[in-house]
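Please take these sequences and the hints and turn them into a complete structure.
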Amino acid sequence: MCDGRETVSTLTPSSHLPPQPRFPPELERIIFEIAASRCFPKEILTFMLVAWRVKTWVEPFLYRIVAFPERGGFIPIDMLVEKVASVQYLFWNPVLSNQEKWEDGNESTDSKGMKILHELRFLQRLTISRSSLFLPEAVDFNAPFLSGVTHFELLDDYFDVDNEPQDRKFIAGINQMPKLTHLAFNVKGGIPEVHDLFYMNKRFECFVFFEPIGGRIRIHMEDIRFVYIYPISHREDWLRGASEGRDYWTLAEEFIAGKRAKVIDRACLASSSIVC
553 MCDGRETVST
563 LTPSSHLPPQ
573 PRFPPELERI
583 IFEIAASRCF
593 PKEILTFMLV
603 AWRVKTWVEP
613 FLYRIVAFPE
623 RGGFIPIDML
633 VEKVASVQYL
643 FWNPVLSNQE
653 KWEDGNESTD
663 SKGMKILHEL
673 RFLQRLTISR
683 SSLFLPEAVD
693 FNAPFLSGVT
703 HFELLDDYFD
713 VDNEPQDRKF
723 IAGINQMPKL
733 THLAFNVKGG
743 IPEVHDLFYM
753 NKRFECFVFF
763 EPIGGRIRIH
773 MEDIRFVYIY
783 PISHREDWLR
793 GASEGRDYWT
803 LAEEFIAGKR
813 AKVIDRACLA
823 SSSIVC
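Residue numbers for the sequence shown follow our numbering, so the first one is 553 and each next one is one higher.
Derived by calculation from the structure, the hints in this document are not laboratory data. Misleading hints may appear alongside valid ones.
Taking lysine-lysine and the PhoX-like style, the derived pairs with C-alpha atoms no more than 20 Å apart in a straight line are [stated by the list, open to error]:
{"no.": "1", "residue 1": "Lys594", "residue 2": "Lys607"}
{"no.": "2", "residue 1": "Lys754", "residue 2": "Lys667"}
{"no.": "3", "residue 1": "Lys731", "residue 2": "Lys754"}
Take a look at the structure:
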């Protein structure tokens with residue numbers, strides 16, 4: 553120094569290290585959101601401990617699996633609005649949940665529910681009744697919330713595509729969903745006619761049906777994508793698949809793979825125990 557005294561520098565371990573790299577907040581958020589979208593809830597809880605800002609970003613992904621009540625009660629839709637954009641797996645059957653009977657002011661739950669559907673950005677698997685998609689008005693199958701759906705199951709009593717133009721239009725509309733590869737019908741009739749509308753679409757990898765059907769179904773046995781599964785404990789199976797990754801879709805995929813490998817006869821129908 554200028555006064556002649558010697559200066560002693562004190563070095564700490566951190567002073568030897570280069571500054572920690574920092575991503576722009578926008579990029580950091582994208583990274584954490586992508587990671588959270590591919591994790592199970594336990595792993596998301598770990599992310600939430602990183603920092604408060606990270607908790608804010610990833611907490612909604614804890615709500616990516618939504619199954620509305622099976623019977624009675626009402627759905628707290630207002631409580632879901634804040635978290636809903638992160639939903640990836642949705643089971644929604646208003647006939648079971650009785651939601652059509654619950655109203656808040658002048659706006660029915662059906663109307664609120666459709667608004668919520670249109671807010672979804674990460675939806676991949678959707679189980680829903682046709683009536684839900686047509687309330688309060690017919691759904692546009694090119695809508696953004698359907699653009700990422702890969703697995704789609706319809707809960708309805710009957711399809712009559714030969715005599716009901718609306719049924720045929722609805723089924724044809726499903727063909728417009730750009731990423732859809734797996735389609736399931738939990739219906740009581742109209743299945744052969746329904747399948748005719750998808751037969752030429754090679755993008756579909758799997759068609760699953762749950763209800764017993766008549767002899768006409770045999771005309772589709774040359775299509776190995778066609779799988780019949782005996783009725784199962786459906787809601788429990790759906791929840792297991794959403795949380796653990798193994799469900800009736802897994803069974804159907806293994807069955808189709810068996811047909812391709814000629815381990816299973818092509819004329820065989822599938823069930824929960826693979827019975828011909």
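How the hints compare with the structure:
In summary, the hint linking lysine 594 to lysine 607 is supported, as the alpha carbons are separated by about 13 Å, within the 20 Å threshold. For a cut-off of 20 Å, the pair hint linking lysine 754 to lysine 667 is broken: about 32 Å separates their Cα positions. Note on lysine 731 and lysine 754: the hinted pairing holds, with a Cα-Cα distance of about 12 Å set against a maximum of 20 Å.
Going through the hint list in order, the structure does not satisfy hint 2, though it satisfies all others.
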